[in-house]
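Take these sequences, add in the hints, and give me the full structure.
Below are the chains, spelled out letter by letter.
2 protein chains.
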Amino acid sequence: MAKDKAPRKPRAETPKGFRDYSGADVVERRDMLAKISAVYERYGFDPLETSAVETVEALGKFLPDVDRPNEGVFGWQDEDGDWLALRYDLTAPLARFAAQNRNDLPTPYRRYAFGPVWRNEKPGPGRFRQFYQCDADTVGAPSVAADAEICAMLADALEEVGIARSDYIIKVNNRKVLNGVMEVAGLAGDDKEAERGIVLRAIDKLDRLGPDGVRALLGAGRKDDSGDFTKGAGLSDAQVNIILGFIEAKDIVNAQAQEDIILPVLNNDTLQLEQAVLTAQYGENPAKGPTDAGMRYNALLLSHLANLVGTSEVGMDGVDELSDIASLLEAQGYGPDRIVIDPSVVRGLGYYTGPVYEAELTFEILDEKGRKRQFGSVAGGGRYDDLVKRFTGQSVPATGVSIGVDRLLAALRAKGQAGQAPAGPVVVTVMDRDRMADYMQMVGHLRAAGIRAEVYLGNPKNFGNQLKYADKRNSPIAIIQGGDEAAKGVVILKDLILGAKIAENATLEEWKDRPAQEEVKVEGLVNAVKLMLLHQKGPLKLADYL
Amino acid sequence: MAKDKAPRKPRAETPKGFRDYSGADVVERRDMLAKISAVYERYGFDPLETSAVETVEALGKFLPDVDRPNEGVFGWQDEDGDWLALRYDLTAPLARFAAQNRNDLPTPYRRYAFGPVWRNEKPGPGRFRQFYQCDADTVGAPSVAADAEICAMLADALEEVGIARSDYIIKVNNRKVLNGVMEVAGLAGDDKEAERGIVLRAIDKLDRLGPDGVRALLGAGRKDDSGDFTKGAGLSDAQVNIILGFIEAKDIVNAQAQEDIILPVLNNDTLQLEQAVLTAQYGENPAKGPTDAGMRYNALLLSHLANLVGTSEVGMDGVDELSDIASLLEAQGYGPDRIVIDPSVVRGLGYYTGPVYEAELTFEILDEKGRKRQFGSVAGGGRYDDLVKRFTGQSVPATGVSIGVDRLLAALRAKGQAGQAPAGPVVVTVMDRDRMADYMQMVGHLRAAGIRAEVYLGNPKNFGNQLKYADKRNSPIAIIQGGDEAAKGVVILKDLILGAKIAENATLEEWKDRPAQEEVKVEGLVNAVKLMLLHQKGPLKLADYL
Chain A
1 MAKDKAPRKP RAETPKGFRD YSGADVVERR DMLAKISAVY ERYGFDPLET SAVETVEALG
61 KFLPDVDRPN EGVFGWQDED GDWLALRYDL TAPLARFAAQ NRNDLPTPYR RYAFGPVWRN
121 EKPGPGRFRQ FYQCDADTVG APSVAADAEI CAMLADALEE VGIARSDYII KVNNRKVLNG
181 VMEVAGLAGD DKEAERGIVL RAIDKLDRLG PDGVRALLGA GRKDDSGDFT KGAGLSDAQV
241 NIILGFIEAK DIVNAQAQED IILPVLNNDT LQLEQAVLTA QYGENPAKGP TDAGMRYNAL
301 LLSHLANLVG TSEVGMDGVD ELSDIASLLE AQGYGPDRIV IDPSVVRGLG YYTGPVYEAE
361 LTFEILDEKG RKRQFGSVAG GGRYDDLVKR FTGQSVPATG VSIGVDRLLA ALRAKGQAGQ
421 APAGPVVVTV MDRDRMADYM QMVGHLRAAG IRAEVYLGNP KNFGNQLKYA DKRNSPIAII
481 QGGDEAAKGV VILKDLILGA KIAENATLEE WKDRPAQEEV KVEGLVNAVK LMLLHQKGPL
541 KLADYL
Chain B
1 MAKDKAPRKP RAETPKGFRD YSGADVVERR DMLAKISAVY ERYGFDPLET SAVETVEALG
61 KFLPDVDRPN EGVFGWQDED GDWLALRYDL TAPLARFAAQ NRNDLPTPYR RYAFGPVWRN
121 EKPGPGRFRQ FYQCDADTVG APSVAADAEI CAMLADALEE VGIARSDYII KVNNRKVLNG
181 VMEVAGLAGD DKEAERGIVL RAIDKLDRLG PDGVRALLGA GRKDDSGDFT KGAGLSDAQV
241 NIILGFIEAK DIVNAQAQED IILPVLNNDT LQLEQAVLTA QYGENPAKGP TDAGMRYNAL
301 LLSHLANLVG TSEVGMDGVD ELSDIASLLE AQGYGPDRIV IDPSVVRGLG YYTGPVYEAE
361 LTFEILDEKG RKRQFGSVAG GGRYDDLVKR FTGQSVPATG VSIGVDRLLA ALRAKGQAGQ
421 APAGPVVVTV MDRDRMADYM QMVGHLRAAG IRAEVYLGNP KNFGNQLKYA DKRNSPIAII
481 QGGDEAAKGV VILKDLILGA KIAENATLEE WKDRPAQEEV KVEGLVNAVK LMLLHQKGPL
541 KLADYL
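Protein chains in written order, with the working numbering: chain A, 1 to 546; chain B, 1 to 546.
Please keep in mind that the hints were generated in silico from the structure rather than gathered at the bench. A couple of the hints might just be wrong.
Where chains are identical, the list cannot tell them apart; a pair therefore holds if satisfied intra-copy or between any two copies.
[As the list claims (entries may be wrong)] Below, a list of computed lysine-lysine pairs in the BS3-like style, where the Cα atoms sit at most 30 Å apart:
#, residue 1, residue 2
1, Lys389, Lys472
2, Lys468, Lys488
3, Lys231, Lys530
4, Lys461, Lys389
5, Lys537, Lys369
Predicted, not measured: the structure shown is a model, and the values here were computed from it.
Shown next as structure tokens:
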């Protein structure tokens, strides 16, 4: 409210919680998304890019993390009084698009999409208000074959971008099984919706809080390390035990099955297993081999779940669906080494109605305090049969997955699969500013030969600054032509990569053996640069000279 | 303000002025931007992706088209009271980014960027509130060599995406020359800023209104076809003549030079000219050949401009810069057949301070009324030396170009260079829903071989619907396996492309000669599909069978 302030310069800053991406960050993400897109297209998915802005009524209230303060969207009122907002995910716009174009789209409609989404949340370390998502969804396919397909596609996409087969696991569960367990625990009915919400979110925190923390949240409540108290669902011990028995089903079955099935498969016979999976996928008799062990493990787990939900119809329905998914995946060679049934996966979002799935990266990284921990979740999704119905009134089955693009990129960097600085341009230096046309011509010839190249366009007075610039640009070669060279019709090529190596650790003999610069005729410039670039990549082969 | 309304379903609509892109629209834009990016990277430009949201103070008030009502941004106030807004172009965020990172960026900093921008304007036919831009800018290069480079790069980019060399022209002018002309016409000085603004915008409408319309706008004003009156700059006839003499300079010089230089180059010797340009760019003696004619044309035009601005220092400065740009471009083989000096180009934006440039597509299309007209402008830009200064207080020279992505894509479609429907997936139909696992396995084998394929995941009851679906998906092949086929270990491949042709116009003999479906062993499925896909592209060669 201060008046009469002198006009001041605007701050050169992104708004709080926003950031820019430049250079390698942009290239790496683009490359990763191109690889994922190629997999999605191979599965028959078509690209879609909806507008970034939606009406608030179309977006609806489906934000995840409803127990977090300051959740919300960036919105404003347009001149007609309608409220508009930036999309907070790619699913709500898909539901709107599918409803809007329902008469023109094929049924089922498979689409993938990637792009920024925006959340009006409190920014924090690593938490931004604009971030990328990459989604794939199938709208209009009631069969869980669609869910199985998306899980298989997710596995293929992770491997395509560079995550090794042993470094990830996709966990599948079914909300219907969970609803069956809720029913058995006496938590069915519309009046128990709030309790069920607390239960869902508590289970979702199993990884972070462990069984005891989840037990506290299901019961009276939980005090965290800072002393803050979170109110619990207020369930009885008996109810809590039923729910914990469900989410720990995998561990229980694991313990039962360890000697019989799991150990030989997961530990001793990894090689045999992989071989068998390959045979299963491409060979003539996919039903043979250790995939049988996976089937037996799945059968054991499914029968355990069936016992847990025995009296609940919706629960049994869910177990059947999980069984179908497991069989369909097995038929394509995706065994529990890649895609596994795991009842501890619930996904926080309230709109899921059937199968839910999550991709976890299982390799270890060091956290900010230097402790080892698993990399964790990079993608998740599930079936949401009621989102399109909001618009049309008719139920439209849908299922889909969302990849956390920034997290997956961070994982690739942690595994050394991304993060290399892109190749810098060849820099033609300016020794004589009146001869800029000559330098532009050189650079034109280099570009015409497909070589990334530029003329130095800063103030050419200080030649040292030109070489510093080339260094900052990761330039492999600097090209120099002063008056003497021009008179002789030659240019000097300075090998900046070799130069840096020599500056670091070369002996005098090495330096003499292969000096970091050479003089070539102007006509031979392009070929000389090509050869030097090849040389920088490793020893030359005869073919390189041809 | 109606109360107690029954809750209603949200409308499934994009907000007014927004739209979605799907399928081929997404793919074509992505491919085009990838080609442009490759050219930009070859020129040494690095990618940048700034956040979509900026503070309003960082964006500043640099919107084009200030004479249009309802111009503006989409903005809102955040919880700290700061006003945030969606970026309206990619230049203002670059200025903010360059100021924010000025200690870390190389100087000069060459960057390219593409992405959506948003304008809070009245939507209309073909005018949207979210659209794509693709920009390239050089920050920190005072020399007009940077402007010349961007013009050359723009020419390369247009050719790379598929615009033929004879189908575009890049026009270059210089605001300093225009300012010199204003000075000569008595329009210098801070108190004449409003008049100069009107003059700029009037010249910018030359294409649309012709010389007489511009003359009216420079004088008392102009009544348009609808009867609406636009107030003019109120200049005297003498002043108007000076300015029109400037913007028509090219025509005057053209008339002077027609018999001497232009006609033989542009009409009679086109082939010779193209050959010479190629020689100039790649050959040994670039100063020879008809490029000399281009140089003579440029010299004639520049001396005419020098006469016009003779008494103005800034004007002469501008003529010298244009002369430098022309020489630098000539040295790289870009003659007036591709990049030409044209004083009628002014660009509407107020922030340009030196060279301005614009790419026009010169081929004709039919407008909505069926009349022939030139396709027109698809890109433009110029030098803006003061935008970064807003943040830092220090003048930072910068120049850059923005491509109208949607317009360029429309041009490619008009030339048949884009717009083909992408290849649809092979569709494995579902004859027996209990055997879904078998169908999933088939599709898995096809995908593993790199073939785009999917299982039909809708309700399989009506087989006709499955074929209709395949048709809607542009599917090349449908695969069918009922119980009989399964028992025999075979599948049926239905050639949907041949089938469509036969349905259209085949004789009975042709139909018998090559039926649109064939039966193959299950083991041979992948190879049979591969062969059929090849066959659909044209007659098979021996190598296709190996």
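Hint by hint, here is what the structure shows:
no.	hint	in the structure
1	Lys389 <-> Lys472	between (55 Å within a copy, 23 Å between copies)
2	Lys468 <-> Lys488	within (27 Å within a copy, 73 Å between copies)
3	Lys231 <-> Lys530	neither (68 Å within a copy, 61 Å between copies)
4	Lys461 <-> Lys389	between (68 Å within a copy, 23 Å between copies)
5	Lys537 <-> Lys369	neither (37 Å within a copy, 59 Å between copies)
The structure fails to meet hints 3 and 5 from the earlier list, while all remaining hints are met.
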